[in-house]
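Each protein sequence line maps, in turn, to chains A and B. Mapping the first sequence onto the numbering used here, position 313 (from 1) lands on 313, and the numbers just tick up by one. Mapping the second sequence onto the numbering used here, position 136 (from 1) lands on 136, and the numbers just tick up by one.
Below 30 Å or equal to it, Euclidean Cα-Cα: the simulated DSSO-like pairs (lysine-lysine) are:
| hint | chain 1 | residue 1 | chain 2 | residue 2 |
| --- | --- | --- | --- | --- |
| 1 | B | Lys138 | A | Lys161 |
| 2 | A | Lys241 | A | Lys161 |
| 3 | B | Lys137 | A | Lys161 |
Just so you know, these hints were derived from the structure itself, not from any lab.
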Amino acid sequence: MIYNKRENRPTRAGFGEGLLEAGLQNHHVFAIGADITASVGVDRFAQAFPDRFVSLGIAEQNCAGVAAGMALMDKTPVFTTYAVFSAIRATDQIRISICYNNLHVLIGGAHAGISVGPDGATHQALEDIAVMRCLPNMTVLSPCDATQASILTRMAILEEKGPVYLRFGREAVADFTPPELETRIGKAQLLQPGNHLTLIATGHMVWEALKAAEMLSLKGINARVINMHTIKPIDTDAILKAAKETRLIISIEEHQVSGGLGSAIAEVLVENCPVRMERIGIPDCFGESGKPEELLDKYGLTAEKIARKAESIYRTTQISS
Amino acid sequence: MIKISDPRKLLNISYQTRALIVKMLSAAGSGHTGASLGLADIFTCLYFNELNHNPENPVWPDRDRVILSIGHVAPVFYATLAQAGYFEKSELFTLRKFGSRLQGHPGLDSRLPGIETSSGSLGQGLSIATGMAIVAKKSSSDIRVFSIHGDGELQEGQIWEAAMAAAHYNLDNITAIVDLNGVQIDGPTREVMHLEPLAAKWQAFGWNVIGCDGHNISGILNAFRQARANSGKPSVILARTIMGKGIKTIENDHHWHGRAPSPAEAIEFLCQIEEIFRDELAKI
Ligand SMILES: [Mg+2]
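Can you make the complete structure from the sequences, with help from the hints?
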């Protein structure tokens, strides 16, 4: 493994850091609170800039609309709550008040994915990427660790235009992206070269994919690992290069296999370079309560399960060719 | 823009606007006639007397903001903007046509001068107004924000989320105007989903409630004056109106909510508008 885990940190902490830094650099940045401010990482901004923090209570539809009104007055609002509430409950407000108006608003989707754990199905956002990525004007980001969450949050606020959706998780996960790794919105990161197959992962699954690649290498399989931190606009070049050079693509995400990263990749492949593809994710069902590791294991989202599946598909393709 | 205070002049403008609404809807072949006609007097008083705005510089930063929450009354909105000089009246007849800046429901991306936001999905405007008013307060700007709502629209829960927030932040720079015509697509609001006691609801949410006859020019101007004088709370003007006002044969008929007049009906409607204008003028 060429990457070192510095520590375990939740991506929500990275989001909070990035938001705080953006607030320091630009005094037009506002944050909106929807009651779970500390839980989603907005508390540090709220304490540092009380004049630019607006508490609106448990009213997500209103939060999205107020954000639109602030953006129409040339401010840069950040509206963050659990992804099931920001991306899903307030979808129509995001569609009309924010996206149709093409306003620069950052929508934070906290507690994304199955790894939310014990809270169960209602709080596990597994459809947010699908819903957000089909909205015109929207950019969709999904950082792989806390360091990247901080970088992408800052970039989304200070450098982007138009609406941006950024999803992040609850649990402390490996913080590993090296400081010298260049992060650019819309540009996938080739974390590990390989020519037998390609693992394209997003969010927490990137670290699992790297570990899976290490396991595969012990079996003589060289897996390429790509971090797709930007799901829209998707990096078509990186996908097609991987397809041409490895002929087998496996997508890995804490999201429904329909509509998310896997679908976005499949759309690119089927129109340009159809190759064997497998989508690893949630198979069209709701989650449940449990420890994050139990749930990840159930849905095949651990390094071991990813490696096993990848090996089996790879061997089958070798026999059939 | 120079403010007009003479009620007779304002009434004249509002009946010209009604005639434009009938003509543009007839040319479009579809659209919302009833509530557009019912709001003509309020839009006239707002744009020709109350607002601080400059049609020659629609993006003047210190302008008052108008958030049309009920996008379906686009005809009265567009006709008023054209009358105020935001664009040529001839463009009104492109309403709802392919390539037009006058979208069926207002779209900010059309870049039509005078539009502050897209709207059409009901219930969203008061939240946008609240976001604008919060920013205005925080930047010590004395601009005011007006939002325009239907009574049926008040059935949307988001309206009450925003009502709570605007009162919580003492946004006395907001004036919400409710078109209280008592009807919606399925029929009378009291049958579809009862709204009363409406004034008590807004009061309970912490708002300054002002009632007025939405077709009495002096009454409308007076309601705006009361809202302007109020401080510490957001204001709501509950304006009692008649859907289809100005055309006797369609007044209060909810079937005219989402219908446009045929060319033959339009000719007849224009005659009625002329007649009723003379009657109303005689009352002033
Ligand atoms: Mg009505």
